[in-house]
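Q: Model the full structure from these sequences, guided by the hints.
Residues 1 to 59 in full-length UniProt numbering are what the sequence shown spells out, letter by letter.
It is worth saying that the hints were derived from the structure and are not from the lab.
Result set (EDC-like, lysine to aspartate or glutamate): computed pairs, CA atoms no more than 16 Å apart in a straight line:
#1 Lys41 - Asp25
#2 Lys41 - Glu14
#3 Lys3 - Glu37
#4 Lys41 - Glu6
#5 Lys3 - Asp25
#6 Lys41 - Glu5
#7 Lys34 - Glu14
#8 Lys41 - Asp9
#9 Lys3 - Glu14
Restraint-style ranges between C-beta atoms, simulated for each label pair:
#10 Tyr15 - Glu48: 24 to 32 Å
#11 Asp2 - Ser57: 29 to 37 Å
#12 Trp27 - Ile4: 18 to 26 Å
#13 Arg51 - Arg30: 18 to 26 Å
#14 Met20 - Tyr52: 23 to 31 Å
All residues carry an ideal CB built from backbone N, CA and C; glycine is no exception.
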Amino acid sequence: MDKIEEVGDWTIREYPANGMTHAVDGWGIRWYCKSIEDARKTAELLNEVTRYAVDMSEE
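A: The structure is reproduced here in structure tokens:
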């Protein structure tokens, strides 16, 4: 398993042995993606959703 980069609260990881890429958070939640670029986009979107949810809970 290779760590590619951090995107907000998410880490992009790649498994070269089986060609899988995923975005994983600190709780171990994984979003499997077809490519590193898809994993980046997914992590960015999930960060936005999390920020929105936090903002809504504070209102």
